[in-house]
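Trainee: Each chain, letter by letter, is given below.
Number of protein chains: 2
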Amino acid sequence: MSWLDDLKWDRDGLVPVVAQELASGDVLMVAWMNRDALEQTATNGEAVYWSRSRGRLWRKGETSGHVQKVHEIRLDCDADVVLLKVTQTGHEPGIACHTGRHSCFFQRYEAGSWRTVEPVLKDPETIYR
Amino acid sequence: MSWLDDLKWDRDGLVPVVAQELASGDVLMVAWMNRDALEQTATNGEAVYWSRSRGRLWRKGETSGHVQKVHEIRLDCDADVVLLKVTQTGHEPGIACHTGRHSCFFQRYEAGSWRTVEPVLKDPETIYR
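If you read the sequences in order, they're chains A and B. The opening residue of the first sequence carries number 1 in the working numbering; numbering runs sequentially from there. The opening residue of the second sequence carries number 1001 in the working numbering; numbering runs sequentially from there.
I should point out that these hints are in silico values taken from the structure, not numbers from a laboratory.
Here are the simulated BS3-like cross-link-like pairs (lysine-lysine), alpha carbons at most 27 Å apart as the crow flies:
| hint | chain 1 | residue 1 | chain 2 | residue 2 |
| --- | --- | --- | --- | --- |
| 1 | A | Lys122 | A | Lys85 |
| 2 | A | Lys122 | B | Lys1085 |
| 3 | A | Lys69 | B | Lys1085 |
| 4 | B | Lys1069 | B | Lys1085 |
| 5 | B | Lys1008 | A | Lys8 |
| 6 | A | Lys69 | A | Lys8 |
| 7 | B | Lys1085 | A | Lys85 |
| 8 | A | Lys85 | B | Lys1122 |
| 9 | A | Lys85 | B | Lys1069 |
| 10 | A | Lys122 | B | Lys1008 |
| 11 | A | Lys69 | A | Lys85 |
| 12 | A | Lys122 | A | Lys69 |
| 13 | B | Lys1008 | B | Lys1085 |
Note that the structure is predicted; figures quoted are calculated from it, not measured.
Chain A on its own, in the form it takes in the complex:
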């Protein structure tokens, strides 16, 4: 699979992956992929990441049902970061964050501290059963 060899995997065999919502342009999350995760993502059209905390492949939505449909896979100039254009399924608007928020980037820097500026759309207790 030469297209997988084109990537510069880091010392852990991973690359960071940005998931951007196709319709809104919102950056939903950044996670990590290894070779297997990227290959499965390209093959099946649904995002599979490598969970560094759990040390295993993590099919986005495997517990929540909030699968990420992948429309496009991009690679950057240094071949060490991937960008996905996705539809975040399972809720409207899409919930990408484990806190029940639309995007993982819900904290904004304001005058020396981080302020939460995005609402919880659904209680995580009811998402992860």
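Use these hints to put chain B onto chain A, whose structure you have.
Mentor: Okay, now just chain B, sitting in the frame of chain A:
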């Protein structure tokens, strides 16, 4: 500076940073910051990264003049990825990539290979003098 202590810096003291163009929503690039880079970025409102290849702070645009004006700094749920909303100055449309392209994510996966799908807006030879 407690807001800098809120981040989970990796074993090299870095976090990945996504630069997203405010006006278009385009993801322009992903680079890295250390503490100093993030502090300077927040203080001056212009993006400063840590260059892993050169092992030093890298003020975006220091050679090209293509400075990134920073409108907003976001932090993700795990506190280990930063998202900047920026205006890419110095050219219209903005050129964030050292190849002279708008975005670093100019390669698209298509049926087993990476295809370049974005044009060079300006010859890099004329950007980096």
